[in-house]
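Based on the sequences and whatever the hints tell you, model everything.
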Amino acid sequence: MRDTADRFMRQRAWLGVALLLLLPAAQAQMTLTVAAFPAVDEIVKSALPAWKKLHPNVQVKVVSRQFSDHHTAMTTALSTSVYLPDVMALEVGYVGRFAQGGGLDDLSREPYNIRKFESRFVPYAFQQATNRKGAVVAVPTDIGPGTLLYRIDVLNKAGVSEADLTRSWDSYVATGAKIKLATGSYLMAHARDMKDIVIRTGIQPGEGLYFDKDSKVLVTSPRFVRAFELAREVRRQKLDARVGAWSNEWSEGFKRGTISTQMTGAWLAGHLNNWLAPDTKGLWRAAQLPENAFAAYGGTFFAIPRAAPAANKAMAWELIQLLTLSREMQLGAFRSQDAFPALIETFDDPFFDLPITFLGGQTARLGWRAAARRITAVSVHKQDAFADEVVNTELDKVLDRGKDIKQALADAQSLLERRAFR
Amino acid sequence: MKLPAALRLSPEWAPFVFLSPFVLLFAVFGVFPLAFSLYLAFQTWEPTSGLAAMEFVGLDNFAFALQDEWFWKSLKNTGWLAVASGVPQHLVAIPLACFIHSSFKGLRNAVVGAYFMPYITSTVAIAILFSSLFSTDFGLINVGLQALAQLPVIGGLFPANPVDWLNAPENIKPAISMIVFWRYVGFNVVLYLAALQTIPNDIYEAATMDGAGRLQQFFYITLPSLKPMIFFGVTLSLIGGLQLFEEPFILTGGRGGSDQSGMTTAIYLYRMAFDFNDFGAASAMSWLLFILVAILTWLTNRAFRPRGPSA
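If you're matching them up, the sequences are chains A and B in order. The numbering of the first sequence is my numbering, which starts it at 1 and goes up by one. The numbering of the second sequence is my numbering, which starts it at 1001 and goes up by one.
Simulated from the structure, these hints should not be mistaken for lab results. Honestly, I wouldn't trust all of these hints.
[To be verified] A partial selection of chain A residues facing chain B, derived with a Cβ cut-off under 10 angstroms:
1. M74
2. T75
3. T76
4. S79
5. S81
6. Y83
7. F98
8. G101
9. A307
10. A385
11. E389
12. V390
13. S414
From a predicted model like this one, the values you see are computed outputs, not experimental measurements. Note that CB positions come from ideal geometry on N, CA and C, so glycine has one too.
The structure is reproduced here in C-alpha cells:
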C-alpha cells in the first residue's frame, strides 16, 4: 500500500515538473528557424528588431550557410523532411527546380492567399515563383535586373559611345572590334556570356528557355542560331578574354580595364565597388542591355516547406510578409545590401534618384527600375540544368573547333529530346 | 576491484558487444546506403518532394542509362583514364621497387616515404597544387616545356606555345592521368617492396651460381614471384581507376571539363543525382558501374590464376 502511494506521489511530482517545463514553452515562446545564405541572412537579421516589436514572444533563429552549402542542405532537408526550417531563402534557380516537386507549400491557397498581393510584386519575379500547375511556391524579395556595365574610360579612348554598344547586338560586336583595335581591351569576359543573354531574348509566350510547355525542345530555334552566330563572331574577332565569371582572371580583367563591358545583374556594381575592383570607382557606367533586351540575373525568394512544423506556419508567413511586403524592410535591404526590391511600391522612393558614386554619379537605379518592369518570366523545365550543360558543350565545339552551328544545335536537340520527358 | 555480477559481460555476449560499434557504423554508413541506392535504381524520384514521392518504374532507369550517350561517353573516359594512369603505375613501380630494394640500404625508408607522400596527401591540396602547375600562362609545367623547346636538337619534340592543359578537351585526360599516376605509384612501390622482401635470397644465389644475369634473374625469378602481388595491385588499380572521382572532379571544377572529356562515370552519376536531380538514373548507373567493376575484377582474377599444379 505504502509502496503504491509512494509511487503515485513520485509520478505526480514528475508530471508537475514536466508541466512546468512545457507550459511556458507552449504559451509564450515559439522559435522560428530561417535558413539563409549571405547576404540574405543579414537582411533577415536586420529585420528582427521590427519583428520583436510586433511579436515579442516569437524568437527568430537565422541559420546561415554559404550559398551552395545552403541549397544542398535545403535539397537534403526537403527530400528527407527532417531539419526543415520554417522559412527557407532560395535563389531563383532553385525556386525553379523545387517548384517542380511538391516540397514547398502552395502560397496561393488558404491560409496564405498570396494572390491578393500579386500586383504589389514585380510581375516577372512573381511569375518565377509560379509553377506550371499555378501553384505559387515562394515570395520574391529581391531581384536582379540585367544591365550592361561598361568602362567609360576605355570607351572614350576608343572614341565610341554607349549608343554604339546598345543599338543592336551586331553594333555591340562591331563596337567591340573598335575597342579592341584602339585599346587592346576585350569586349567581354567570355563569348558564352553573349550566348546566354541572346537565347533569353524573343522567347514566345508558353516557351521556356530550352523547352516549351509540352516539353518540346527549342534549341534549334532562331534565337539559338543567332546566339551561336554572335558568340562565334565574338570569338572569331578575338573580342572575349575567354575567362569564366568569378575567376581570378575575371576580376583582374576588371581591375586593369582589359575587360571593357559585362552583361550582368545590377548587383554586380555593388560587388565591383565592395571587393572586386574598388579602385575603378567612377570609371564604370551602366546601360540597358543591347537591342532592348531585358533579362533577369538572379533573385531571392522565401518559401515555406510543406513538411515544416504546422504550428509555426502562421508565424512563418507573418515573417515573410514583413520581409517582402514592408516598404521599410525592402528599402532597408536595398540600401544596406544592394538587394534590389521586388516590391513595386518601393519604386517611388527618392533612393532611386540618388547618384551612384561608383558609376560616376550616374542615377543608374532609374534604368534598372525601368528594366525590372519590362523583364518577362521564363518558365522553368526540370531538365534546364542538363540542357544548359549540353548547349554550353556544343558552343565550346563551335568556338574552339569550328563545328558547324546547325550541326551543333541539331546534336544538342537530339540529346535533349531523349531527356525531355524523364 | 571486481565488478558486480550485473555489470559483468557474459562470454556468450562478449563477441557481439565488442563487434557492435563496427557493425552499427557499417550498417548505417555501409549497408543502408547500398540497399537504398539499389532501391532507388528502380524508382523515379523528385527528391525535393520528400521520400513519399518515389514511384516504382521497374527497369526504366537501367534502360535509360544504357541508351544514354553521356553514360557511354563517361565510361569511355573512365576506361581511358584507368588504362593511361593504371598501366604506367605498375610498369614503373615494379622496376622502381627492385631498384630501391637492391640499391638503397640506409636511405631506403626515406626514399620510399618520398614516393608514398602523394598517396597520403589531401586530394584538395593536390588539386590546388596541380591547378597552378598546369596553369596555361604561369604554370611551371608550361614554363618547363617552353624551356625544353628552346634546346637544340630535341627542342622540336616539345610544344613551343603554352599548352592549355585544363580547358582543351584533348589535354584534360593526359593531365588527370599524370596526377593519378603520380599519386598512386608510391603506393604500388610499397606493395612490391613488401613482396620483394619475401623472395628468399637463396634463389638469387643459386641463379648467380648457374650464371644467370640480372635481367634473367628479374624475368625468371623476381617477376614470377611477384605475380600474386601484381594481381593484388592491378585489382586495386582497376577498382580505383573505374571509380575515379576526386582528382578530375576538383580539377574540372566539378563539371567534368570542356566537352565532358574529364567526366568519369563516377562524376557523371554524381551530377545526374545532385545537379540534374535524377537520383533513380544515377543509382542505376552506379549499379551498372558496379557490375562492370565486378566483371573486370573477375577477368583479372582469371588472368592471374595459376595454371596447372607446377605453377
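Here is how each hint holds up against the structure:
The interface hint given for A:M74 holds, since its Cβ lies 8 angstroms from the closest Cβ of chain B, which is under the 10 angstroms cut-off. Residue-level restraint check for A:T75 holds (minimum Cβ-Cβ distance to chain B is 6 angstroms; threshold 10 angstroms). The beta carbon of A:T76 comes within 8 angstroms of a beta carbon in chain B, closer than 10 angstroms, and the hint placing it at the interface holds. Hint on A:S79 holds. Least Cβ distance to chain B is approximately 4 angstroms, under the 10 angstroms limit.
Satisfaction of the interface hint for A:S81 is found here, the shortest Cβ-Cβ separation to chain B being roughly 5 angstroms, below the 10 angstroms cut-off. For A:Y83, the suggested interface contact is broken, since its CB lies about 13 angstroms from the closest CB of chain B, more than 10 angstroms. Evaluation of the A:F98 hint against chain B yields a held restraint, the C-beta minimum of about 5 angstroms falling below 10 angstroms. Satisfaction of the interface hint for A:G101 is found here, the shortest Cβ-Cβ separation to chain B being roughly 3 angstroms, below the 10 angstroms cut-off.
With a least beta-carbon distance of about 6 angstroms to chain B, the hint placing A:A307 at the interface is held under the 10 angstroms criterion. With a least beta-carbon distance of about 6 angstroms to chain B, the hint placing A:A385 at the interface is held under the 10 angstroms criterion. Taken as an interface hint, A:E389 checks out: its beta carbon lies about 8 angstroms from the nearest beta carbon of chain B, inside 10 angstroms. About 9 angstroms separates the beta-carbon of A:V390 from the nearest beta-carbon of chain B, less than 10 angstroms, and the hint is met.
The interface hint given for A:S414 is met, as the beta carbon of that residue sits about 9 angstroms from the closest beta carbon of chain B, less than 10 angstroms.
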